[in-house]
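Residue numbers (my numbering), protein chains in the order written: chain A, 1 to 175; chain B, 1001 to 1184.
Hints are computed from structural coordinates only; laboratory data are not their basis.
These figures come from a predicted structure and were not determined experimentally.
Please note that a few of the clues may not be correct.
[Claimed, not checked] Straight line, CA to CA, 30 Å or less: simulated DSBU-like cross-link-like pairs of lysine-lysine:
1. Lys110(A) to Lys1115(B)
2. Lys1125(B) to Lys40(A)
3. Lys134(A) to Lys1102(B)
4. Lys1102(B) to Lys128(A)
5. Lys1090(B) to Lys110(A)
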Amino acid sequence: MTPVRYTLTARILHWLMVLLILGAFALALSFDDMPLSPRKLQYINYHKWLGITVLWLVAVRLLWRLKHPAPELPAHMPKHEKMLAHLGHIGLYVLMFGVPIGGWLMSSAKGFPVVYLGLIPLPDLIGKNEELGKLLKEGHELFAWGLLLLAAGHAAAALKHHFIDKDDVLRRMLG
Amino acid sequence: MRKVLLSSVVAMALVGAGAGVFAQPADAGKSQVRFVFTQMNVPVEGQFKKFMADVKFDPAKPAEAKVDVSIDLTQADAGSPDANDALKTKDWFDTARFPQAKFTAAGFKPVGGDKFQAVGQLNLKGRAANVTVPFTVKTDGHGQWLEGVFPLSRTAYKVGEGEWSDTGMVADNVQVKFKLFVPK
Chain A
1 MTPVRYTLTA RILHWLMVLL ILGAFALALS FDDMPLSPRK LQYINYHKWL
51 GITVLWLVAV RLLWRLKHPA PELPAHMPKH EKMLAHLGHI GLYVLMFGVP
101 IGGWLMSSAK GFPVVYLGLI PLPDLIGKNE ELGKLLKEGH ELFAWGLLLL
151 AAGHAAAALK HHFIDKDDVL RRMLG
Chain B
1001 MRKVLLSSVV AMALVGAGAG VFAQPADAGK SQVRFVFTQM NVPVEGQFKK
1051 FMADVKFDPA KPAEAKVDVS IDLTQADAGS PDANDALKTK DWFDTARFPQ
1101 AKFTAAGFKP VGGDKFQAVG QLNLKGRAAN VTVPFTVKTD GHGQWLEGVF
1151 PLSRTAYKVG EGEWSDTGMV ADNVQVKFKL FVPK
C-alpha cells in the first residue's frame, strides 16, 4: 500500500528549502568573521539572495499548504505528540518567515539595502540606525540558530518515526 | 606678530570690500558632502564627516567665483566600521600618505536659471584631474546654498586597488553629493 504522501509540490518545496536554508546558514557562518574583502561582500550578497528566496518560497509554501492540508498523522501517536508536532511545524513556519525578515530589517538598519539577485532593489523596511542594526543582527542570529535547532529536532523526530516507530511519517515527504 | 596683525587687517579689508559677496567658509553644521558607491549593484551611502569649503561667489560675477574644498579623508564614513577602517588602507585612500582630498575651481559657468557649472581640479590620492561639477545656487536671507551631484571614477584616482580593483564588485562610478551653506 502506498503511503498517503504530501503533494509533489509540497515535497519539492520542502527539500528545496532544506538546501536553501542550509546554504544560507553555511554562508553566514563562513563570512561572519572574515575580514572585509570582495569575497566577503559576495558571500553576504549571496546570503541575502538565498534568504529572500526562502522568504517568498515559504509564502508560496504556506499558501499551498492551506489549500492542500498535510496528510493525517498516524493514529498510533498519542495526543501530546501530535500537539508537539503541530507546534513544531508552526514554529518552523514562523522562523522561516522571521529569519529572512529579520535579515532584511537588519540590512535596512545597517544602510546596506538588499538588491535581490543583484537585479531587483528591495525597499528598505526601516531607516538607517546603527544601534538598531546591531540589535537586529543579534536577533537575526538568535532566530537563525533557533530555526536550525528546531529543524534538527524536526529531522530527529522524522527519523524516530521511521526507524523506531516504523511508520510512514518520513516516507510522506520522500520520493 | 606684526605680520599676523597685518594679515588680519588685510583680511578684514578684503571682507569689507566684498560686502554683498559671499566669501566665507561654508557652515560645517549645515553643509554636507556625501557619496554613494555601488557594490554588486547595491547602492551604499557614505559621507565625509570633516571638510572645509571656502566659497566666493557673486551671482552677478560668476567668472570671478572661487571655491576651495578640502576633505579630511581620515574621517570618511563608508557605512560600516569595517569599511571605514578599510578606507584608510593603501588600497583605498591611503590616508597615511594622502590624508586630504582637495577640489579647487575658479570661475563658474552659468547654465541657465540658478544652475551653474564649475570645472575644477580634484586632487585625490596623489592624482590630479579635472572634474565638471554641476550645481544649483539658491540664496535666502541667511546666505547661499550650493547643491549638486557629480560622478567620479574611483579607478581614475586608484581608489580601490589590488583585490578591490574589480569594478564588477565595487562599481567604478561613485556619485558625490554635496550641499554647502555659505552664510552671509
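We went through each hint and held it up to the structure:
{"no.": "1", "hint": "Lys110(A) to Lys1115(B)", "in the structure": "violated, 35 Å"}
{"no.": "2", "hint": "Lys1125(B) to Lys40(A)", "in the structure": "holds, 25 Å"}
{"no.": "3", "hint": "Lys134(A) to Lys1102(B)", "in the structure": "violated, 35 Å"}
{"no.": "4", "hint": "Lys1102(B) to Lys128(A)", "in the structure": "holds, 29 Å"}
{"no.": "5", "hint": "Lys1090(B) to Lys110(A)", "in the structure": "holds, 25 Å"}
Comparing the model with each numbered hint stated earlier shows that hints 1, 3 do not hold.
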